[in-house]
Amino acid sequence: MAIAREAEPVGSLSEVREAGLDREDLLAVYRNLLLTRGIEERGHILYRQGKIPGSFYTGRGNEAASVGVATAMGPDDVGTPLHRDMGVHVVRGVEPWRIFAQYMGRVDGPTHGKDGNVHMADSRLGLIAMVSHLPAMLPVATGCALAFRIRGERRVAVGWFGEGASARGDAHEAMTFAGTRRLPIVFVCDNNQWAYSTPSHLEYATEHVADRAETYGFEGVVVDGTDVLAVYREAKRAIERARKGGGPTLLECVTLRMEGHAVHDDAFYVPKPMLEEWAKSDPLERFRSWLRENADLDDEEEEEIAGGVKRLLNDALKRAEESPLPEPDQLLDGVFASPEDLDTPHHK
Amino acid sequence: MAIAREAEPVGSLSEVREAGLDREDLLAVYRNLLLTRGIEERGHILYRQGKIPGSFYTGRGNEAASVGVATAMGPDDVGTPLHRDMGVHVVRGVEPWRIFAQYMGRVDGPTHGKDGNVHMADSRLGLIAMVSHLPAMLPVATGCALAFRIRGERRVAVGWFGEGASARGDAHEAMTFAGTRRLPIVFVCDNNQWAYSTPSHLEYATEHVADRAETYGFEGVVVDGTDVLAVYREAKRAIERARKGGGPTLLECVTLRMEGHAVHDDAFYVPKPMLEEWAKSDPLERFRSWLRENADLDDEEEEEIAGGVKRLLNDALKRAEESPLPEPDQLLDGVFASPEDLDTPHHK
Amino acid sequence: MAEKTYLQAISDGLREEMRRDKRVFVIGEDVGVYGGAFKVTLGFQEEFGPWRVIDAPLAESAIIGACTGASIMGMRPVAEMQFADFISCGWDQLVTVAAKQRWRAGTPVPITVRLPSGGGFSGGPFHSQNPESSFAHIPGLKCVCPATPEDAKGLLASAIQDPSPVLYFEHKHLYRRIKAEVPDERITVPIGKARIHQEGDDVSVVTWGAMVYTSEEAAKELAEDDVSVEIVDLRSVMPWDKGAVLESVRKTSKVLVLHEDTRSGGFGAEIAATIAEEAFEDLDAPVKRIAAPDTPVPFSPPLEKAFIPQVADVAAGLRELAEY
Amino acid sequence: MAEKTYLQAISDGLREEMRRDKRVFVIGEDVGVYGGAFKVTLGFQEEFGPWRVIDAPLAESAIIGACTGASIMGMRPVAEMQFADFISCGWDQLVTVAAKQRWRAGTPVPITVRLPSGGGFSGGPFHSQNPESSFAHIPGLKCVCPATPEDAKGLLASAIQDPSPVLYFEHKHLYRRIKAEVPDERITVPIGKARIHQEGDDVSVVTWGAMVYTSEEAAKELAEDDVSVEIVDLRSVMPWDKGAVLESVRKTSKVLVLHEDTRSGGFGAEIAATIAEEAFEDLDAPVKRIAAPDTPVPFSPPLEKAFIPQVADVAAGLRELAEY
Ligand SMILES: Cc1ncc(C[n+]2csc(CCOP(=O)(O)OP(=O)(O)O)c2C)c(N)n1
Ligand SMILES: Cc1ncc(C[n+]2csc(CCOP(=O)(O)OP(=O)(O)O)c2C)c(N)n1
Ligand SMILES: [Mg+2]
Ligand SMILES: [Mg+2]
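Residue numbers (this note's numbering), protein chains in the order written: chain A, 1 to 348; chain B, 1001 to 1348; chain C, 2001 to 2324; chain D, 3001 to 3324.
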């Protein structure tokens, strides 16, 4: 049976240098991991305080996967991150206060209160806002890659999907089209082993989602999604391959969803031992100790970074809470686009 | 890469006996092949005579594939044949005159003039009428298999699709569901190498469509679709495996579409050498000479069968032409079903 | 008789149908172990087993298509969409196969699709929609939208035994908010028959689903000005009870058509156009429509409040008609 | 000016847009080597190459989704459905992603989807449908339905340059049947503006697509009895030209709304309901609707003739209104 390549963990600093990250970059990655988790933890508090309407989702356990892939993307590359991929927004540079504003349905959120939670993106940062329907963004990401191919640009599209959503037709159609046309796209599967309460074996019949890549004519790679450097290295390889005209890759990041599907879900159906096992490879803790062992991160530097993140989040929360709720009449804005809407970098 | 098993051609009569066909059966197969082609050839004439409204499709080149699979089906098995699978209707026992009536939009066609060409089926024969949308019948066939599984019946569903339609989401969703639940279904791919004018390499990126079967958790088999006995043997294996609880199989019958997509299409895009090559393995001629070499079919017997088919078709044409066109008010019948409609064998 | 929430009535009704008819099975995402996103099938898998309460893959086309096939093989499938919004992924299977199979080929498709619909709690654009109008336009599909616990139970039983595909829209905002007496024994409510939620003489409201209660509130306000409002709860949107609607219009001569779905091309247009054509001589005022504006469903509370017709909007519309 | 068929006008208009704007590309099944099922893109691949005239896999969701993504990256995709009927397989991508992206996230999706629609030649249930009503109800999508070669060319140019998703319904029965003068230079026709196909004083017909010609024939019959009919060709169904329609109604006081799609929940209901509400005082007769009955589209000629509104049906409806 088709077996995807299983990626090795990353060892030494030198290996990481080859992959294109110097020490500064590594500290930035660490900071982005803290920021990603920090945003979602603060969001959780806001939710419990009753300040977030509707539901609330986090990507706990998926921070390294989202940060690792986003770190490997080039400035002109584009992506369609999902509800577990806060790290992508963070790495691309979205301001945290805007995310809190989005959570709370305020006008300064990227969707100005029209949509909620992670259904947002700043298109100037090369991101396209997800819809709920999974994995409907994969054909869209494929279309971005098609545009790059038509224009002969050396840009790459990254499309995310969950292992559950891999069962839907859109995943198949997008990979079929991208594979037959060898488009510059990387399909990233956030495999957190559960689709709401549904286990993987009811969503696909292979060992790995990435095993199917070869039947679409490209390589499948399975990587430990809690190892940010391994994710980065594999994402980088895939993205640069696509950039060089080598076609798509399916990169499967294996993690465990460390919280319920959403805030209302206690995930009683996830076996305790499974959670305990994966708790041992917390992506943040894992990278922190790696940095201490391999890149002489010391207490001082660590506190400096953590402190900076904390201050940033405090300020962001304050600023977001000052953002007003939208005015009712804003409801009617922009059902149809205006020509001026097209004057954006990405529509260039 | 995942490679499907490539089936051997069938050799001796004894081998065929093992597969479950005695000489009588073989002659019936031959007769069904003649009948299948004969119906479509007569249909073609009717079309040129202006007696068939709309368009007209044939399965020339696919007769052995459709007859071979249908011959392997059990009496209580069900199927969703497509526009190249006239042989399935023939083997299941539809009366030819009804098909001609269907072609001409007469009341005695299975759809009473409501739908056209091969968009028909006699549900009492265990067949479900196709829709145009491809491959929308695969999830439906999967549902038939699900019903058998729920009730613990030893029945099998057969779902047909073209290699072009293999690109659509419905193919993926059906195989994903059938594979994860190991449902009693056989997916038959009529791979005639063209989807209207579109060549296979723009529809899928593997060598064989059947290569993808393993990523759905079941076996893929590739068979020469012009070899009726090999098709029969492989279909029989797959169907009996499904019947025993062994789950689905993807059986790919490779042929060439020997006519245009439909009557209006001269298929200019199909390379002449390709047509010439495949013309050499005409399914009917192939089986005829096999019968002469292996089952001492002689001229007399041959003429008797051919003559019988010819008479049957002549009578069928006459009877069909006598069938009236529907009355305008029949248009409104049956938009919603009535309880009596449920008193059918298949709804039992 | 016992008092039950709308949600409980659906759950109990479904369990009852599964107990009395082995052909009935449930399929959907997370309906088994989890008991469904809204817990309608909580405990069902324990009682009926994994092959009658099926956790489906995340694949709506496979879910609807599988129900179609199983129903043709004699089963009575009940599919659950996790949210009505996701039925857009099963659209083709419903409109192309299920809706037309009986008419084309004489093959009935007795399936029921449960669709948790509607807004009111910041579900946003993809967890709040009311897609009934889109399906009511497709010949061959029936659409029911119960407003009361009793109708929720009775229409579910009718939907399951109906020989045609039935889309069963259950309004999420009624799940726990609405409680009422529900007969303990099995009941059916005829598909296509409206219910007079409240009698009145001066103005009629034709509506369904959660808007029945919004009209009720508005009617209370008008009662204070001695305007008596008749509320016609359509219950079924396709087929819809034209007779009951025209009768109410003949009585009041003034009518408001109200729904939560967006206005342009919403099914309210069909009802208003039919009234205007067939009750032309009976009307003392133009047929008025109130519906959501032509936008997606917004997330932020002030926007959602502006989107979903509110009691004040309906009261204002009724006054306008009363004073016409 | 040169005389062109409706089909030629579409083909020439599309080629012209591709020549003047490198961002425009065509994608669909068999649009390249084959030139499209109806030969609209015949010769395009030779002129523009395989990456601007793309033979897509048999996958409508991929086609629409890819257009959405490419448009967000600055292209101006034109997707061809082989038949309008198959857009049901792209429904979710259109209504969930393309329609809502600008409103939700500020990201415009300037795509055009060409939809060969309509019946009249025994195409049967899956090659004859007119799905415009289903899409016109979805906020964020525009729907145009040209009836003349000039509008076919002008509305295609407008659709391609429009910053919103536009569904372009081209009626197959007009392809070769309708010939007229078309300006040689590039023209645009404003989306949302109706066209008075024929002026008249006694009765108005509001319609679009192939029904414009059916009305014209019927109007000729009525002219013999000195009934003068005004034909309003809507051209755009969403947004639709309410102003022009109400103006015509005010002039004639009697109106027939006519379309080829099925009646219940068809977009004619929206138009009729709006007229009945906003022109209530101007009407001397009920707003009448003529449309196909609520069934799939039949294959056999006598059935299809009974399904598609015929000249005699329209003439009878107009007479009824004239005599009201
Ligand atoms: C088409 C569709 N159907 C149903 C849902 C409801 N739903 C939301 S998330 C989810 C599970 C998704 O699982 P997976 O793809 O593994 O992503 P994860 O949430 O685990 O990251 C479901 C069923 C949806 N969003 N889209
Ligand atoms: C969903 C859908 N899109 C488009 C079409 C139009 N169409 C009819 S047949 C065909 C080609 C089908 O190719 P294949 O699946 O290989 O079957 P074949 O006709 O070659 O047997 C196309 C594109 C269709 N029937 N269904
Ligand atoms: Mg998951
Ligand atoms: Mg083919």
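By construction, these hints were calculated from the structure, which means they are not laboratory data.
These figures come from a predicted structure and were not determined experimentally.
You may find that some hints are simply not true.
[Said to hold, decoys possible] Mimicking DSSO-like on lysine-lysine, the simulated pairs with C-alpha atoms at most 30 Å apart in a straight line are:
id, chain 1, residue 1, chain 2, residue 2
1, D, K3305, B, K1318
2, D, K3022, B, K1051
3, C, K2022, A, K51
4, D, K3022, A, K244
5, C, K2193, C, K2022
6, D, K3305, D, K3039
7, B, K1272, D, K3022
8, A, K272, C, K2220
9, B, K1051, D, K3039
10, C, K2251, C, K2039
11, C, K2193, C, K2251
12, B, K1236, B, K1272
13, A, K280, A, K236
14, C, K2193, A, K51
15, B, K1244, C, K2022
16, D, K3179, D, K3220
Mind checking the alpha carbons of K272(A) and K2220(C) for me, to see if they're no more than 30 Å apart?
violated, 53 Å
Pairwise hint evaluation, K3039(D) against K3305(D), where the allowed Cα distance is 30 Å at most
holds, 27 Å
Pairwise hint evaluation, K244(A) against K3022(D), where the allowed Cα distance is 30 Å at most:
holds, 24 Å
For a C-alpha distance cap of 30 Å, please report whether K3179(D) and K3220(D) respect it.
holds, 19 Å
Going straight from one Cα to the other, do K2193(C) and K51(A) come out at no more than 30 Å?
violated, 43 Å
30 Å Cα cutoff - pair K3022(D), K1051(B)
Roughly 47 Å between the alpha carbons, so the hint for K3022(D) and K1051(B) is violated.
Measure nothing beyond the straight line between the CA atoms of K2022(C) and K51(A); if it is 30 Å or shorter, mark the hint as holding.
violated, 47 Å
K280(A) and K236(A): Cα distance at most 30 Å?
Judged against 30 Å, a Cα distance of about 26 Å means the pair holds.
Has the given pair, K1272(B) with K3022(D), been kept, meaning a C-alpha gap of at most 30 Å?
Violated. K1272(B) to K3022(D) sits at ~36 Å, over the 30 Å cutoff.
Can you confirm whether the C-alpha distance between K1051(B) and K3039(D) stays at or below 30 Å?
Cα-Cα ~26 Å, so holds.
Taking only the CA atoms, is the gap from K1236(B) to K1272(B) under or equal to 30 Å?
violated, 34 Å
For the pair supplied as a hint, K2251(C) and K2039(C), is the alpha-carbon distance within the 30 Å limit?
Violated, at roughly 42 Å.
The structure does not agree with the numbered hints 2, 3, 7, 8, 10, 12, 14 stated previously, though it agrees with the rest.
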